[in-house]
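> Residue strings, one per chain:
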Amino acid sequence: MPDNWGFVLAAYGLAAVVLIGYWRMLVRRERDLEDRAGERSHAAPISGHPRSKPDSRTSIQ
Amino acid sequence: MRVLGAVTVVALAAGLVAGLGLAPPEVTQGNVQRIMYLHVPSVWVAYVAFAVVFVASIAYLAKRADAADRLAHASAEVGVVFTGVTIATGSIWGKPTWGTWWTWDARLTSVSILFVMYLGYLLLRGMIDDRERGARYAAVLGIVAAFNIPLVHFSVIWWRTLHQPPSLMTPGPAMPRVIITALLVNFVAFSLLYVYFVAKRVHLLRREAEAAA
Amino acid sequence: MWKDLLVEHRSKETLNALFFFALLLLFVFQFTLGPDRERLAGALPGLLWLGFILSGLLGLGRAFVVERENDCWEALLLAPGDKSAIYVGKLAGNLLLMFIVEAMLLVLFGVFFNLDLVPALPALVVVIGLGTVGFAAIGTLFAAMTTQVRARELLFPVLLLPVQVPVLLATVQATEAVLLGEPLGAVAHWLKLLAAADVVYVAVGVLTFDFVLEG
Numbered sequence: 008m009p010d011n012w013g014f015v016l017a018a019y020g021l022a023a024v025v026l027i028g029y030w031r032m033l034v035r036r037e038r039d040l041e042d043r044a045g046e047r048s049h050a051a052p053i054s055g056h057p058r059s060k061p062d063s064r065t066s067i068q
Numbered sequence: 002m003r004v005l006g007a008v009t010v011v012a013l014a015a016g017l018v019a020g021l022g023l024a025p026p027e028v029t030q031g032n033v034q035r036i037m038y039l040h041v042p043s044v045w046v047a048y049v050a051f052a053v054v055f056v057a058s059i060a061y062l063a064k065r066a067d068a069a070d071r072l073a074h075a076s077a078e079v080g081v082v083f084t085g086v087t088i089a090t091g092s093i094w095g096k097p098t099w100g101t102w103w104t105w106d107a108r109l110t111s112v113s114i115l116f117v118m119y120l121g122y123l124l125l126r127g128m129i130d131d132r133e134r135g136a137r138y139a140a141v142l143g144i145v146a147a148f149n150i151p152l153v154h155f156s157v158i159w160w161r162t163l164h165q166p167p168s169l170m171t172p173g174p175a176m177p178r179v180i181i182t183a184l185l186v187n188f189v190a191f192s193l194l195y196v197y198f199v200a201k202r203v204h205l206l207r208r209e210a211e212a213a214a
Numbered sequence: 045m046w047k048d049l050l051v052e053h054r055s056k057e058t059l060n061a062l063f064f065f066a067l068l069l070l071f072v073f074q075f076t077l078g079p080d081r082e083r084l085a086g087a088l089p090g091l092l093w094l095g096f097i098l099s100g101l102l103g104l105g106r107a108f109v110v111e112r113e114n115d116c117w118e119a120l121l122l123a124p125g126d127k128s129a130i131y132v133g134k135l136a137g138n139l140l141l142m143f144i145v146e147a148m149l150l151v152l153f154g155v156f157f158n159l160d161l162v163p164a165l166p167a168l169v170v171v172i173g174l175g176t177v178g179f180a181a182i183g184t185l186f187a188a189m190t191t192q193v194r195a196r197e198l199l200f201p202v203l204l205l206p207v208q209v210p211v212l213l214a215t216v217q218a219t220e221a222v223l224l225g226e227p228l229g230a231v232a233h234w235l236k237l238l239a240a241a242d243v244v245y246v247a248v249g250v251l252t253f254d255f256v257l258e259g
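Protein chains in written order, with our numbering: chain H, 8 to 68; chain P, 2 to 214; chain V, 45 to 259.
Source of the hints: derived by calculation from the structure; they are not laboratory data.
Treat the numbers as computed from the prediction; the structure is a model and nothing was measured.
Please note that the accuracy of each hint is not assured.
Chain H is faced by these chain P residues, among others (derived, beta-carbon under 7 angstroms) [said to hold, decoys possible]: (1) 36; (2) 63; (3) 64; (4) 82; (5) 86; (6) 90; (7) 93; (8) 97; (9) 128; (10) 132; (11) 201; (12) 205.
C-beta atoms are modelled at their ideal positions from N, C-alpha and C, and glycine is treated no differently.
Just chain H, same shape as in the assembly (with noise of 0.2 angstroms):
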């Protein structure tokens, strides 16, 4: 049945959109709290971005 492909797809489809965005708020949202770290901590040196300190990589990254 040819038509129902068209579910099958809109099903994906919605489902990779619901989750993809999610994922995506979740990025956003933990690059905004570390852009708003990196601007507080004045002391950092200009070229060390928090990520690239070993010492500063939590358990889970």
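With the hints as your guide, set chains P and V onto chain H.
Showing chains P and V alone in chain H's frame:
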């Protein structure tokens, strides 16, 4: 974390291939039945998520560990996301199968109630400014909601079976092995996705808490 | 608990307001469903419970407001001893309130829609009793939780209604059967569900109320 993410993506890809390509079209429903590979793992993950909320809520009230609170919050949020996916895919599956976008069958109805209950949970958290009180109240709600799940389940099934035969969506007793395998692959993929999301969300919550401190 | 009963007695305004509200509901039901007797009869159990629930939401939503407004809240929090006793007391008070409202609604329904409820009355009492306990148990808990939240009036029903769905389903089905003249045995499974729900809800309420009142 990166490893987890990578593994998740691989698993999801495998699930996609299995569900869309390898598995054969089902006998009675044709290709639409493939939506099952999305719908069923989603609802499974949602139930797991809410079980985690239950345990984490109890743990929080017992130990007052912020980590437990964050886990409950994250798991509830991810659970709601997957519940939403369950409802949406269930609805899309229903349209060509039953001819209607919505029907008050047992599965869709229970899942919708679940959705609204835990949405309320997130709403409660959002509306309480005091972090400690918010955690406490949410934990209580998480416990109430979890106890309610079986009650919802039974009441809705009894409500429906008086009017309508059980939904077509439960897989039949004798399913070809390919379909079962594809389903399992997707189960694994979705479970991994759940873990990944929760881990990321917990991490985010912890960072937000630290930033606010 | 006696304090609560006294408070309720003194604030008969709550009861009066609820009575008036119930009356209005009846009018609305009549106007929306029209003179069609059949439709009305079919919808009756649902309408009855709709009335109970809406009144309950109003009544329970205010359960702790009196304390809040009179600055008794802090006193409650600081009270020594088992906070669960407060829960039970509040629950009993709320139950009494709801039973009175439900009795009023039943009478009003009987009068305005010309129904003979007497033969079904004992069974009806059982069903309504079980359902109301379930409603009030969680309602009291949630009322305490939402008292101090922004948009309290909105959050309370939003939280309570989804949780109440199984109880609602069970009671409406059971009420329908009872009103059709069936014996209680016919709806035994619903009654068992209600009983189970009641036990679970009250137990959870008793066990978690301490955490809600902590401050």
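> Please go over all the hints and tell whether each is borne out by the structure.
We went through each hint and held it up to the structure:
1. At a threshold of 7 angstroms, the smallest CB-CB gap from residue 36/P to chain H is about 4 angstroms, leaving the interface hint in force.
2. Look at residue 63/P: its Cβ only gets to about 24 angstroms from chain H, farther than 7 angstroms, so that hint breaks.
3. Annotation: interface hint on residue 64/P violated; nearest CB of chain H at approximately 20 angstroms, more than 7 angstroms.
4. The restraint placing residue 82/P at the interface with chain H holds, with a minimum CB-CB distance near 5 angstroms, inside the 7 angstroms limit.
5. Interface restraint check: residue 86/P against chain H, minimum CB-CB distance 5 angstroms, threshold 7 angstroms, status holds.
6. Below 7 angstroms, beta-carbon pairs count as interface contacts, and residue 90/P has one with chain H at about 5 angstroms; its hint therefore holds.
7. Annotation: residue 93/P was flagged as interfacial toward chain H, and the flag holds, the nearest CB pair being 4 angstroms apart, inside 7 angstroms.
8. Hint status for residue 97/P: holds, given a least beta-carbon distance of 5 angstroms to chain H, under 7 angstroms.
9. Restraint check, residue 128/P versus chain H: the minimum CB separation of about 20 angstroms is more than 7 angstroms; hint violated.
10. Given the 7 angstroms rule on beta carbons, the hint for residue 132/P is violated: about 17 angstroms separates it from the nearest Cβ of chain H.
11. The interface hint given for residue 201/P holds, since its Cβ lies 5 angstroms from the closest Cβ of chain H, which is under the 7 angstroms cut-off.
12. Because the smallest distance between the Cβ of residue 205/P and any Cβ of chain H comes to about 6 angstroms, under 7 angstroms, the interface hint for this residue holds.
Hint violations for this structure: numbers 2, 3, 9 and 10, all remaining hints satisfied.
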